[in-house]
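**Q** Heads up: the sequence lines are chains A and B, in that order.
Residue numbers for the first sequence follow our numbering, beginning at 1 and rising by one.
Residue numbers for the second sequence follow our numbering, beginning at 1 and rising by one.
Hint data in this document are derived by calculation from the structure and do not stem from the laboratory.
Please note that a few of the clues may not be correct.
From the derived model, a few chain B residues whose C-beta atoms are all more than 10 Å from chain A [claimed, not checked]:
id, residue
1, 12
2, 24
3, 40
4, 149
5, 154
6, 156
7, 166
8, 193
9, 196
10, 218
11, 319
12, 334
So these bits of chain A aren't anywhere near chain B, every CB distance computed over 12 Å [claimed, not checked]:
id, residue
13, 35
14, 99
15, 251
Part of the chain A face toward chain B, derived, beta carbon under 10 Å [stated by the list, open to error]:
id, residue
16, 127
17, 141
18, 164
19, 168
20, 170
21, 174
22, 310
23, 313
Idealized CB from N, CA, C, for every residue including glycine.
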Amino acid sequence: MTSESVATRPGIDLARIRAWLPAYGVYAAIVLLVLYNVAFTPNFLAWSNLRIQLIQVAPVVIVALGMALVIGTEGIDLSVGSVMALAAALIPLYLGYGVVAAILISLIAGVLVGLVNGTLVARVGLQPIVATLALFVGGRGLALVISGGQLKDIRNDDLIFLGSGDFLGLPMLVWIAALLVLVVAFIVRRTVFGRRLLAIGGNRPATELAGVPVKRVLITVYVICSVLASIAGLLAVARIQSSDASAVGLLIELSAITAVVVGGTPLTGGRVRVLGTVAGALLMQLVVATMIKHNLPSSSTEMVQAAIILVAVYAARERKSR
Amino acid sequence: MTPIVSDPEAPTAAVAADVRRAERTDRIVSLVQRQGALAVLIVVVLVAAASFPNFRSFDNAATVLVAAAPLALIALGMTFVIITGGIDLSVGSLYVLGGVVSAYASQWGLLPAFLAPLVVCGLVGVLNGILIAYTRMAPFIVTLAALLGARGLMRAISDEGSTTYLVKSDAFRSFGTGSFLGIGYPVWLVVVVFALGMILLARTRFGHAVHAVGGSEDAAALMGIAVRRTKVWVYVMSGLLAGLAGAINAAKLGSGVTVLGIGLELDAIAAVVIGGTLLTGGAGTITGTIAGVLLLGVIQNMINQVGNVPSSYQQLISGAFLAVVVVAQTYLARLRRVT
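Work out the full structure: start from the sequences and follow the hints.
**A** Set out below in structure tokens:
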């Protein structure tokens, strides 16, 4: 008798479930929750309801994609909410020069924030949580200074179309988010950059020795994350049809990190699950929606979210421990 | 061992001078790193005193101190957690939860108003600590979940934040608003707690264990330190102090306010980091944390003195300040390693 035969006992194979759960548990949870809702929630399958859910989850998905890349390098980006606010504050200022100009400006702001974050992390060598904390605090302040702390209405039809329009029956927001998911999935799976990003998260010294320009890759990752956040920011403005720098993207860093973690991406880096991240965001959205539909108070929603995070991380923990 | 240098005179003198120089650099760098925040605080206070006549008044100083009291307590707990190499994101929520629980419990008198938040927030700290120490989950994630959970709990007991419990106990209320020698009671409480914290960190076996765990968990375990127990205790302390901070705030405001505390955990981390405690763990001082907290408080006060300046500028300045300090510290740390 060897240990192998012990491992393959008849019946339920615990080890395999343990390996399977963190990676695919989120999909199983979504299926269960959807089935439950189909059975017990009236009008759950109504198109208007699904539409609202998708529109609400889109910004979180976009921010979480960037967060997943950063977490893949064993980093974290707390500044995403502030970047959204910054993008939101800049939009009304430059809308007079046309939609394209306004969007470009807010994307450039995202690039700049990403450069600062990336430089602090990669070149100065700060811990990501501290490096991005500075812009988490300062970024929203800057956004409020730019906007003068005022709420501004947006009346540009092109921009509003991005936020509330439809294309082929689906909201533009969903199309944009889906496109970005494909782009990020492609980057992670099919490009050299994606490989290098994962290598840095897996073992940075070894990656450096292998001749990978680690600092440049890291800075690029933070830039991508910030740009995605500024896209989410301008889409939020387009959807609400007003720019409120004090409210846009508030606490979204927590939702994004939650989506990434629940989706099976380990915080220790070296692996990014893009579809898992999307599923993580969808699951959290479904949980909230289910509880609202059943008239449960939002306080219990938060506690359930907390429990889901803990379960997801606990399940993932087994794989990493050697 | 045979002496390597046969003629001891010239070479050893040169080596000794080298060593002395290296030691001196090391001392200066370490001093700046540890007491830099204090130096900056003194400069900022002098500048403020010179530019704003009102800043110099005793009343204003007392105001700064009272306003800084809750953050100071939270930052103290955070200092212990960060020295062990961890982080506690739940303190902002616990602070609010503690305030609401305290205001609710004040109907039974002064003592329950203090004890109830300590019990509730301490229990959350126990949960944090056990999950982090025994399941080896990342502190960042565990306390993030606790942030959500504590906020949910707070909302649940305040009917989704719509019920504001007023402080019923007059004794408790007067603790928050009264003063001794012109300085509010909360400040005196904070002074006592900080003195205890300093003794705990510098003079007790627990303090040594905290440093050792942050320096190297494996080495600490080999030294016979109860690593897990130490970790649990720092999170319990952090929870207790956040609860106490909430109680103080409830006493000051006369009610358990449900909307405060968002981002307070990050303010506390900022204060600790500005104070020279390294996020990598193993090193840190409580005096630095005091300086960090006061620095944030004085900056806010200065901005209030200028008047008409929106609070957004304060966030901007705090953020910039934090960036400068951490970058400077990283360079100092590197300088130390090189020499």
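**Q** Would you mind marking each hint as holding or not holding in the structure?
**A** For each hint, the structure was consulted:
1. 12: holds, 36 Å
2. 24: holds, 25 Å
3. 40: Given a closest Cβ separation of 16 Å, the condition holds.
4. 149: violated, 4 Å
5. 154: Incorrect as stated: the minimum Cβ-Cβ distance to chain A is 8 Å, not above 10 Å.
6. 156: Answer for residue 156 of chain B: violated, closest chain A Cβ roughly 4 Å.
7. 166: Per Cβ check, residue 166 of chain B is outside 10 Å of chain A; nearest 21 Å; holds.
8. 193: holds, 25 Å
9. 196: The assertion about residue 196 of chain B holds, with a minimum of 28 Å to chain A.
10. 218: Non-interface label on residue 218 of chain B holds, nearest chain A Cβ at 14 Å vs cutoff 10 Å.
11. 319: Since the minimum Cβ distance to chain A is about 2 Å, residue 319 of chain B lies within 10 Å and the statement is violated.
12. 334: violated, 7 Å
13. 35: holds, 26 Å
14. 99: Holds: least Cβ distance 26 Å, greater than 12 Å.
15. 251: Answer for residue 251 of chain A: violated, closest chain B Cβ roughly 8 Å.
16. 127: holds, 5 Å
17. 141: For residue 141 of chain A, the interface hint holds, since the closest Cβ of chain B sits about 3 Å away, which is under 10 Å.
18. 164: violated, 28 Å
19. 168: violated, 37 Å
20. 170: Interface hint status for residue 170 of chain A: violated (31 Å vs cutoff 10 Å).
21. 174: violated, 26 Å
22. 310: holds, 5 Å
23. 313: holds, 5 Å
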